[in-house]
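S.K.: Take a look at the letters that make up each chain.
Protein chains: 2
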Amino acid sequence: MTESTRMTIALDAMGGDHGPSVVVPAALSALTRHPNLELVLVGDEAVLRGELPAATDSRLKRLHIQHASQTVGMDEPPAQALRLKKDSSMRVALNLVRSDEAQACVSAGNTGALMATARYVLKTLPGIDRPAIITAIPALQGHTHMLDIGANVDCTAEHLAQFATMGSIVASAVDNIDNPRIGLLNVGAEQIKGNDQVKQAARLLSAGDLNYIGYVEGDQIYGDRADVVVCDGFVGNVSLKTSEGVARMISHYLREEFRRTVLNRLIGLIALPVLNTLRRRIDPRRYNGASLLGLQGIAIKSHGSADAVSFGNAIDIAVLEVRKDVPNRIDRHIEEHLPQGNPA
Amino acid sequence: MTESTRMTIALDAMGGDHGPSVVVPAALSALTRHPNLELVLVGDEAVLRGELPAATDSRLKRLHIQHASQTVGMDEPPAQALRLKKDSSMRVALNLVRSDEAQACVSAGNTGALMATARYVLKTLPGIDRPAIITAIPALQGHTHMLDIGANVDCTAEHLAQFATMGSIVASAVDNIDNPRIGLLNVGAEQIKGNDQVKQAARLLSAGDLNYIGYVEGDQIYGDRADVVVCDGFVGNVSLKTSEGVARMISHYLREEFRRTVLNRLIGLIALPVLNTLRRRIDPRRYNGASLLGLQGIAIKSHGSADAVSFGNAIDIAVLEVRKDVPNRIDRHIEEHLPQGNPA
Numbered sequence: 003m004t005e006s007t008r009m010t011i012a013l014d015a016m017g018g019d020h021g022p023s024v025v026v027p028a029a030l031s032a033l034t035r036h037p038n039l040e041l042v043l044v045g046d047e048a049v050l051r052g053e054l055p056a057a058t059d060s061r062l063k064r065l066h067i068q069h070a071s072q073t074v075g076m077d078e079p080p081a082q083a084l085r086l087k088k089d090s091s092m093r094v095a096l097n098l099v100r101s102d103e104a105q106a107c108v109s110a111g112n113t114g115a116l117m118a119t120a121r122y123v124l125k126t127l128p129g130i131d132r133p134a135i136i137t138a139i140p141a142l143q144g145h146t147h148m149l150d151i152g153a154n155v156d157c158t159a160e161h162l163a164q165f166a167t168m169g170s171i172v173a174s175a176v177d178n179i180d181n182p183r184i185g186l187l188n189v190g191a192e193q194i195k196g197n198d199q200v201k202q203a204a205r206l207l208s209a210g211d212l213n214y215i216g217y218v219e220g221d222q223i224y225g226d227r228a229d230v231v232v233c234d235g236f237v238g239n240v241s242l243k244t245s246e247g248v249a250r251m252i253s254h255y256l257r258e259e260f261r262r263t264v265l266n267r268l269i270g271l272i273a274l275p276v277l278n279t280l281r282r283r284i285d286p287r288r289y290n291g292a293s294l295l296g297l298q299g300i301a302i303k304s305h306g307s308a309d310a311v312s313f314g315n316a317i318d319i320a321v322l323e324v325r326k327d328v329p330n331r332i333d334r335h336i337e338e339h340l341p342q343g344n345p346a
Numbered sequence: 003m004t005e006s007t008r009m010t011i012a013l014d015a016m017g018g019d020h021g022p023s024v025v026v027p028a029a030l031s032a033l034t035r036h037p038n039l040e041l042v043l044v045g046d047e048a049v050l051r052g053e054l055p056a057a058t059d060s061r062l063k064r065l066h067i068q069h070a071s072q073t074v075g076m077d078e079p080p081a082q083a084l085r086l087k088k089d090s091s092m093r094v095a096l097n098l099v100r101s102d103e104a105q106a107c108v109s110a111g112n113t114g115a116l117m118a119t120a121r122y123v124l125k126t127l128p129g130i131d132r133p134a135i136i137t138a139i140p141a142l143q144g145h146t147h148m149l150d151i152g153a154n155v156d157c158t159a160e161h162l163a164q165f166a167t168m169g170s171i172v173a174s175a176v177d178n179i180d181n182p183r184i185g186l187l188n189v190g191a192e193q194i195k196g197n198d199q200v201k202q203a204a205r206l207l208s209a210g211d212l213n214y215i216g217y218v219e220g221d222q223i224y225g226d227r228a229d230v231v232v233c234d235g236f237v238g239n240v241s242l243k244t245s246e247g248v249a250r251m252i253s254h255y256l257r258e259e260f261r262r263t264v265l266n267r268l269i270g271l272i273a274l275p276v277l278n279t280l281r282r283r284i285d286p287r288r289y290n291g292a293s294l295l296g297l298q299g300i301a302i303k304s305h306g307s308a309d310a311v312s313f314g315n316a317i318d319i320a321v322l323e324v325r326k327d328v329p330n331r332i333d334r335h336i337e338e339h340l341p342q343g344n345p346a
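Quick note, the sequences are listed as chains C and W, same order.
Just add 2 to wherever you are in the first sequence, counting from 1, and you've got my numbering.
Just add 2 to wherever you are in the second sequence, counting from 1, and you've got my numbering.
There could be a bad hint or two in this list.
A pair counts as met if it fits within one copy or between any two copies, since identical chains are not told apart.
List time: in silico SDA-like cross-link candidates among lysine to any residue, alpha-carbon distance up to 25 Å [what the hints assert, rightly or not]:
hint, residue 1, residue 2
1, 326, 37
2, 125, 268
3, 88, 226
4, 201, 81
Simulated from the structure, these hints should not be mistaken for laboratory data.
Chain C extracted, bound-state conformation (with noise of 0.2 Å):
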């Protein structure tokens, strides 16, 4: 698909910290970067109409309204939701990427309903057992794309090799490279180094035809290494999580500093161009939205508190991805290299 193919996008209207009040304008202002995509709002109508702007607004006529009676709470349990909120936004926003309605669809919602949820509404695709969750994140030069970062706690050597091959695809399709290189995350870089999950799917990938470059470590996630780093979903949801805490604390102590003493104030006003600068390129909204991948559609999962330029960040990666055509890549890699006759 080129930047000219029409597309539309679902949006959980209701879902994360703040629902419509951050949807809606970040909706608004996606129609506008994007001319040929159109949205729609899945929530209660009442709720969504009293959100938008005055009639005379063009983008209007690419903003649709689907109404869900019902919204999944924050904390509620994934089973919970799937049985009793047939009815949600959220729900009905993966509906409609399975009727083919929507191409895609992004949530603030709570990630283990989605997962559930985006998982029995879409299926996910014939060779893959668990769906995983991608993200990207800010490297020395560019990004890397790291998975799983929080959908499967426990996993077996053939998950992290089915997490390296659709990942591999992501990078290439998202990034336009050839081979990514693929990295397994473990304690150390010597072959005797990890538990057993990590040392079997080394020799997986070994054997495997993706451009496999051994193990990486904690470090060299955000260095240059890799195109891609692989672990469970325990460790990469640990890892991305540690980042964001030493990443505030160390803009904590940078404000500190800054305000410290009268003369230091005044150093702070005359940098501040170049602090904010920094600022934003360390501005996690930047990075919002993960990729629920494995499935026989595109969902995109926001950060729960999310604002509008970051849920807009989110919706920006559903386009990349639609445009990109991820799912269906997946698919065509997997037919291309199981083996026949292979039960998964």
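Take the given structure of chain C and dock chain W to it, following the hints.
M.R.: Showing chain W alone in chain C's frame:
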């Protein structure tokens, strides 16, 4: 023990990437900082003599040399080091602790070999199945103790609970706090989150008598929620190294921004004193030195690439643990708290 207590610490003078060229200067400055400290440099006597200052230096009276003919390589498998390197600087330093000629030892040698040799030479404390490695990391206020950061890639719930006990005693002894807040590192704050080991460890800790505060997430390690964060060695290692990577990337960005234009360079020059204070605050050298916990003696691991300042910090940690009598405190606590007849 008080600050005036005399103590002897053995230094593996051949370990690490730089060996005596780092260890000897670090030793000399530690002798200046601690007037009641005696140090034993363990390693090749001829090499070590060559690194010593002029005989007029009065600190030489408190600096001894113990010859050891072998050195453990930084990539040498632990089992091989244990079997073939019985006269290594690392092993002889640990022997001095066992024979009570030294109250602690410090090594920048390879972690796996140090752990294996320390376990063999010093033995674990009764009731401790697995030693763990603990380190202090900077936090918004003060610091957080984290364990295990790399000794055990697979842990049961019981191991995690033992780590919690040891961590609590270290935090209490080192920071003079009464009931350190213990958090279990997990992927979410809700009870249903996490893998089986973590959930089971949470049950053990809830039933125990530590000040267990529940799950903490990766970003909270650097917050102010817990005094001790408990995790398995795989997750701990990845989290710690991820932090290093993020800090390095932000420093890199900061330098880049302050060099982008001539004006930015000028501003950078003006802001230099403030930026240098920041750099000192996040300087990883200030946090060098991790403690091997659960052994019948004190062994401190320095980063292999440590410089003299950094190695000196690891010596300071050894001094503090000797003063606070950490292994005996753990031993007493376990003796008082283990149910009678417990096979562990």
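S.K.: Each hint should be assessed against the structure and marked as holding or not.
M.R.: Verification of the hints:
Proximity of residue 326 to residue 37 under the C-alpha cut-off of 25 Å is restricted to the intra-copy arrangement: shortest distance 18 Å within a copy versus 67 Å between copies. With identical chains, the CA atoms of residue 125 and residue 268 are never at most 25 Å apart, being 58 Å at best within one copy and 57 Å at best between copies. In this assembly of identical chains, the alpha carbons of residue 88 and residue 226 never lie at most 25 Å apart, being 44 Å within a copy and 40 Å across copies at closest. Only between protomers do residue 201 and residue 81 lie at most 25 Å apart by alpha-carbon distance; the minimum there is 19 Å, versus 33 Å within a single protomer.
Against the hints set out earlier in the document, violations occur for numbers 2 and 3.
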